[in-house]
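Below, each chain spelled out in residue letters.
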Amino acid sequence: MSNYIIETRGLTKKYGEQTSVSKLSLHVRKGRIYGLLGRNGAGKTTTMRMLLGLTEPTSGDVKIFGKPLRGNEKKILPRIGSLIESPGFYPNLTGTENLRIFADLRGLKGPKYIKNAMELVNLPYKDKKLFSQYSLGMKQRLAIALAVMHNPELLILDEPINGLDPIGIAEVRDFIRNLCDATGKTILISSHILSEISLLADDIGIIDHGVLLEEESLEELEKKNGKYFRFTVSNAAAASGLLQDRMGIRNMEIDSSTKLTVRDSRLDAGTAVRLFVDEGLTVSDAHLYEDTLEDYFKKVTGGEGIA
Amino acid sequence: MLRLLRCEFAKLKRRPLFFGAAAVSALIPLGCALFLPDFKAFTSGAEAVDRMMASLFQMSAYMLLMPALVVLASNLLFEEQDNDTLKNLITVPVNKSDLALAKMALLFLFAAAFMAAGGLVILVIVLAAGWEPVGFWRLFWVGIGQGIMMWAGSLPCILLVVFLNRSYIISVIITFFYTTVNYICSMNDAFIMQPFGFNLGTLLPGPLSFRWYYQYFDTSKIGAETAALVERISPYFVTVPQAFFIVCIETALFLTLIAWVYKRQGC
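As given, the protein sequences belong to chains A and B, one line each in that order.
To convert, count from 1 in the first sequence and add 7; that's our numbering.
To convert, count from 1 in the second sequence and add 31; that's our numbering.
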């Protein structure tokens, strides 16, 4: 049996001539947080909507818990908690009343489910405040409460930190991390905020223009990230010659008369600095640089940054 | 389905439109009691009950209940899209057809309650005026039956509103025309004086309802004009099974279509 909780094959969504998601093959492993990373309009939400049966795919298959979603909605959907796009609730009801409706529809008996969910997201239980009077952050918290209320095995969260203040973001991040670590839930989370994904996700999928460009664990991505040394010396050309002749280093660029970038992973920086000094060069800076996830994203998408 | 219906009731909390529409059920009976000079001229409790219930059937049901049902239906059906809650419901999962049917069931109860409330207001007025409410309970149940007929009659209009998706202005215009046409037809001999069968006098809710409820009024003490009307139309009165056979057929057809169209609309 497959170890994937979510598996898609050739998932495609077209709106007329426009392709929103193209031949997407996604693999979300059990008990992991999968971060779907992409710019606004990259196809993240459409993908998630297709995973929940909210949007009919033009072609391709969706398997969740090892079963095709189509035809098994009644068995699969109750095991999923979701937050898609903006929080949607009845404005004339309080947060508790809103959750009570969905708890009733899910067949959850008693107030404990609602109370627990609201406490988890730091919203007051049985508060008199109507949903229409909620701030954006409170609305987002209520949507998260709805997603986790029935204790689902899989969470699909579309930009869950939208509208939250920095403290709220940190709280939700810890909360999601804890859900995965403590209860073994599988979480698919989308975001266009790289830093959040890098802090939270175990696996990352990079989507751009509807195409899944990369799908790796964060560890693998970090290994793939480029590392390089940059030296500031009195004579960059001479330093380059020394590295080439004495240490056999080839992969380097002279950026200016005093700046030298070395991309060869075999380089031992200490030996190189000693060599430069011994040969009468002045070394004013030696620095190890590492590509960030943003650099990697730019490299993979072949364009601008994500923001 | 019961669970969905219960949730539909829960969603009504703090909804002034719904409670405003419900309060309107008392409007016509109170208006009759307060402003109609006829009210003071009634000679017996039976006459008071008959005349006031007639105003409930002819005015409240046709002019208020039917448009209220269509407006409320458009409000109920589109609240999920307007509040973006449909995605939450579908991922429960809730079947969209079942959701539409639960909303129609809510309107069914509203229609029955609307006529019942109007009838009870009349009962209170009659009792307060010191008359004995002779024949009230029979007309009370006829009123509830007429509420159900108005509900079934509003379904084609609701179907059109669902089909036109979201356009409240068009919904109101359609409602206005549909209500007016039904009212005019229910007053027109050409529609009333048709045999039971496949014709507009039977299929349109206005004439059908009139041909059913009118036979329950006391015709022993009526004026010459009304007596002539009764003589003219009485051969075309429909029985309870006939009336509700048509109601059931139309209900089944239009509920199926409403559920189908609502399901096909995206979320």
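The set of hints was computed from the structure by calculation and includes no laboratory data.
Bear in mind that the values here come from a model prediction, so they are computed numbers and not experimental data.
It cannot be assumed that every hint is accurate.
Derived Cβ-Cβ restraints for the label pairs, each shown as a range [unchecked claim]:
(1) ALA144/B x SER224/A: 53 to 63 Å
(2) ALA41/B x ARG77/A: 24 to 34 Å
(3) LYS30/A x ALA53/B: 36 to 46 Å
(4) MET32/B x ASP172/A: 38 to 48 Å
(5) PRO85/A x VAL203/B: 18 to 28 Å
(6) ALA53/B x SER224/A: 36 to 46 Å
(7) PRO85/A x GLN112/B: 40 to 50 Å
(8) PRO47/B x SER224/A: 36 to 46 Å
(9) LEU140/B x PRO85/A: 41 to 51 Å
(10) PHE208/B x ASP181/A: 55 to 65 Å
Backbone N, C-alpha and C fix where the C-beta goes; we use that ideal spot for every residue, glycine too.
Cross-check of the supplied hints:
One distance hint, 53 to 63 Å for the beta-carbon pair ALA144/B and SER224/A, holds here, with the actual separation near 60 Å. One distance hint, 24 to 34 Å for the beta-carbon pair ALA41/B and ARG77/A, holds here, with the actual separation near 31 Å. Between LYS30/A and ALA53/B the C-beta distance comes to about 54 Å, which lies outside the given range of 36 to 46 Å. Range check, MET32/B to ASP172/A: about 42 Å between beta-carbon atoms, so the 38 to 48 Å window is met.
The hinted window of 18 to 28 Å between PRO85/A and VAL203/B is violated, with their beta carbons roughly 39 Å apart. Range check, ALA53/B to SER224/A: Cβ separation about 59 Å, and the 36 to 46 Å hint is violated. As the Cβ distance of PRO85/A to GLN112/B is approximately 23 Å, the hint placing it in 40 to 50 Å is violated. Restraint check, PRO47/B to SER224/A: a C-beta distance of roughly 54 Å breaks the suggested window 36 to 46 Å.
A hinted range of 41 to 51 Å is violated for the C-beta pair LEU140/B and PRO85/A, which are about 29 Å apart. A beta carbon spacing of about 59 Å between PHE208/B and ASP181/A agrees with the range 55 to 65 Å that was offered as a hint.
Comparing the model with each earlier hint shows violations of hints 3, 5, 6, 7, 8 and 9; every other hint is respected.
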